[in-house]
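Chains A and B, in that order, give the protein sequences. Reading the first sequence from the start, the letters are residues 1 to 425 in this note's numbering. Reading the second sequence from the start, the letters are residues 1 to 425 in this note's numbering.
Among the clues, some could well be false.
The list cannot tell twin chains apart, which means a pair is met if one copy fits it or any two copies do.
[To be verified] Straight-line C-alpha distance at most 30 Å; calculated DSBU-like pairs for lysine-lysine:
hint: 1; residue 1: 359; residue 2: 210
hint: 2; residue 1: 271; residue 2: 143
hint: 3; residue 1: 26; residue 2: 311
hint: 4; residue 1: 200; residue 2: 359
hint: 5; residue 1: 15; residue 2: 311
hint: 6; residue 1: 363; residue 2: 298
hint: 7; residue 1: 8; residue 2: 130
hint: 8; residue 1: 420; residue 2: 200
hint: 9; residue 1: 298; residue 2: 17
hint: 10; residue 1: 2; residue 2: 403
hint: 11; residue 1: 403; residue 2: 210
hint: 12; residue 1: 210; residue 2: 2
hint: 13; residue 1: 128; residue 2: 143
hint: 14; residue 1: 311; residue 2: 330
hint: 15; residue 1: 8; residue 2: 271
For the record, the hints were derived by calculation from the structure and aren't laboratory data.
Protein chains: 2
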Amino acid sequence: MKLTEMNKEQLIDFKNKNEELYNDFKAKGLCLNMSRGNPCKEQLELSVDMLSVFDDGDFVSENGVDVRNYGLLDGIPEAKTLFADMIGVGEDEIIIFGNSSLNAMFWAVQTAYNKGVLGGTPWSEQGKIKFLCPVPGYDRHFKVTEFFGIEMINIPMTPTGPDMDMIESLVAEDESIKGIWCVPQYSNPDGISYSDETVKRFAALKPKAKDFRIFWDNAYCIHHLTDSPELILNILEEAKKVGNEDIVYIFGSTSKITFPGAGVAVMGASKKNVDSLRSYLGISIISYDKMNQLRHVKFFGTFENMKEHMKKHKAIIAPKFKVVVDTLDKELAPLGIGEWTDPKGGYFVSFNAPSGCAKRIVKLCSEAGVTLTGAGATFPHGIDPEDKNIRLAPTFPPVEDLKQAMELFVICAKIAAAEKMLAEC
Amino acid sequence: MKLTEMNKEQLIDFKNKNEELYNDFKAKGLCLNMSRGNPCKEQLELSVDMLSVFDDGDFVSENGVDVRNYGLLDGIPEAKTLFADMIGVGEDEIIIFGNSSLNAMFWAVQTAYNKGVLGGTPWSEQGKIKFLCPVPGYDRHFKVTEFFGIEMINIPMTPTGPDMDMIESLVAEDESIKGIWCVPQYSNPDGISYSDETVKRFAALKPKAKDFRIFWDNAYCIHHLTDSPELILNILEEAKKVGNEDIVYIFGSTSKITFPGAGVAVMGASKKNVDSLRSYLGISIISYDKMNQLRHVKFFGTFENMKEHMKKHKAIIAPKFKVVVDTLDKELAPLGIGEWTDPKGGYFVSFNAPSGCAKRIVKLCSEAGVTLTGAGATFPHGIDPEDKNIRLAPTFPPVEDLKQAMELFVICAKIAAAEKMLAEC
């Protein structure tokens, strides 16, 4: 029976029953964290052999530079080759960074803000500027634009990507719109992969602002959860076809391929963009950790091997996603409470509670020992206008813990939904 | 016979003789790079055992966090303990960064520029601002302030550090002066260690600008070349004594202790400064490479062991400094050409040519195959007002190569000095 079909008495009874179950859970004293998309221990073990690659005593890059020493600002050539394949750019269209693509994105925004794009007026000197933010989205993206005082405009997501009609019309009219945050494949948190049409429309975007850039955070480019991967079009190639190749900055990393704390982050863009950005990069660093770059290259050898390696991750985490989705399907679908995704890749399940219930659910879970991503985190300034979206991150806990956490989650969702309906009676 | 004692004929003869020697050198087709303070291969080998520290399969920090995963924004606790000792601060007065102290310094300037210091008005909103730059100094410092359009004021160095009378009087009067670049121990390039009085006067500095900070780049804190190290006073301790602890940002790194390309950089400051900076740091990164932090901790164990390790570096590079200084002493001192330092630590010998000769000497060397640091590089905007200073970096080349390079250098210095005197005849 759906909640909407229950009368007041039935709702009260339903709520009481679930509150009892909730109190039983509370008594267990759980302590689980599902707040971030952290890989689990078994995933971290997959790359430990990478730490032995220097046992051969060979520290020399293919261009003769000892990677232990200074130099090679934008990365060692063999890392460029490997990661250019990963993000779909050429070897002269890539910069290799340190362990954090967030850091690379922050730096790219900061450079545009303080020095402008391709020699143009710095964003900081153009008065109020704005970014488009497909929502729900990645909280850390929004914090970067917030840091620089950039106004953020919410763009609704659709099953094929962000609302392109809205984006095209906004950027065509408003020169103060300077960028957009995108996670184009297995989007954070919805797990949506942009359709070919969406990518083509992004590639052909003609913003009024010449210094507008698409921040294409392809964080989950090879992070598939099924045997039939959803592959998006190559945006740089599409942009080249329409003479628009400077429109996009592409980001990626091995944080969820090797080690979150010690991976390699990269940025791809047109040669013109890369040449300009490189000239600024040399002010802030001599070189990123080239030993770690070579470590990755020696460990993987080829991009094909990286993709093979990802199958081992899939084997570990796909069952965890199944626990989440199965529990929601079984416990909430029959009651008509909320909506959720069944992602084919990425790191999250996106749960949309009945309006006004997300904060309450997260609070109930927290008080019973399960920490979720804060409600609202997936929106700029942490404000979810409908208080609906909750990002579930299934990868870190062991399956048994995850089962418990999800059992609790659906109880909390049931309580919150019943409370809401009763309040509206 | 000193050059000043020669008549025109003798000078011409002297010049011709050295030009012959120069042409002989040119014919050899040398190709040596002494432009940067790069450690040599033997130095890089000293830390290779650091790469095996994870053979024990233990990746857990003392606070229970797996260093391979996300988290611990400001560093693992055991790295804080180790490096707090190195830069002379407390464990709650330090942030551990990635592999580059330059990157940490850039970030600290950028944060003050865009967000202000301790909640004050951003430097970017205060009109023209200025930095004091002891000269000669480190070119990469000057490039950072240049990047942000900050005006740079040259401050002369003395044997006890920068001219403190000048600094005190400038900062007391001019609120637009926001900082000063210092390499307080074995300064780059002069190798001067600031006297106790200089450090105390820095610690007690009372600038008109409340958001003034001393950028104390203690890059060579344990990089001694003799058995009687020159140790400077602890500036944070001195500042605390006079209630002025927020005045200083301290930087350090293991770039020249372990690997230039894969070391660990740190920043120390008062708890108040660190707490404020940490809150901004989390916008741009989730965590720096904690595996590399733990690698360093496991390798060294204690700060005492780090200091022992530096003796191995000394054994390799002290003889190289001797080659440089001995050659200058033998070949140029009797002729009265130029002045130079005999540093007790650090990475450079600072050579002051006769005025107007530095560029010419660097050019002559370059045309004969030896690349030196560009003349002028040790001054803001690359402008050495007297065209005198040349930074010699002896560590990288093998001793035999270095001997050749120095033979060439003194020939070039002789030619340039003779040319100059003849032009003035």
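Next on the checklist: Regarding residue 359 and residue 210, is the shortest C-alpha distance of 30 Å or less found within a copy, between copies, in both, or in neither?
Outcome noted: Classified as neither: same-chain Cα gap 40 Å, cross-chain 41 Å, threshold 30 Å.
Checklist entry - With identical chains treated as interchangeable, where does the CA-CA distance between residue 8 and residue 271 reach 30 Å or less: within a copy, between copies, both, or neither? => result neither (65 Å within a copy, 56 Å between copies)
Checklist entry - How would you label the pair residue 2, residue 403 (within, between, both, or neither) given a Cα cut-off of 30 Å? => result Intra 24 Å, inter 88 Å, cutoff 30 Å: intra-copy only.
Checklist entry - When no copy is named, should residue 311 and residue 330 be tagged within, between, both, or neither for a Cα gap of at most 30 Å? => result Intra 28 Å, inter 67 Å, cutoff 30 Å: intra-copy only.
Checklist entry - Within a copy, between copies, both or neither: where do residue 128 and residue 143 come within 30 Å Cα-Cα? => result Cα proximity of residue 128 and residue 143: in one copy and across copies (17 Å, 28 Å).
Checklist entry - Given identical chains, is residue 363 near residue 298, meaning Cα to Cα at most 30 Å, within a copy, between copies, both, or neither? => result neither (46 Å within a copy, 40 Å between copies)
Item to check | residue 210 and residue 2: within-copy, between-copy, both or neither at 30 Å Cα | outcome: neither (52 Å within a copy, 63 Å between copies)
Checklist entry - With identical chains treated as interchangeable, where does the CA-CA distance between residue 298 and residue 17 reach 30 Å or less: within a copy, between copies, both, or neither? => result This pair counts as neither: shortest intra-copy Cα distance 57 Å, inter-copy 53 Å.
Checklist entry - Are the CA atoms of residue 271 and residue 143 at most 30 Å apart within a copy, between copies, both, or neither? => result both (28 Å within a copy, 24 Å between copies)
Item to check | Status of residue 130 relative to residue 8 across identical chains (alpha carbons, at most 30 Å) | outcome: neither (47 Å within a copy, 70 Å between copies)
Next on the checklist: Regarding residue 403 and residue 210, is the shortest C-alpha distance of 30 Å or less found within a copy, between copies, in both, or in neither?
Outcome noted: neither (50 Å within a copy, 55 Å between copies)
Checklist entry - How do residue 200 and residue 359 come out at 30 Å by Cα distance, when the copy is not named: within, between, both, or neither? => result neither (37 Å within a copy, 54 Å between copies)
Against the hints set out earlier in the document, violations occur for numbers 1, 3, 4, 5, 6, 7, 8, 9, 11, 12, 15.
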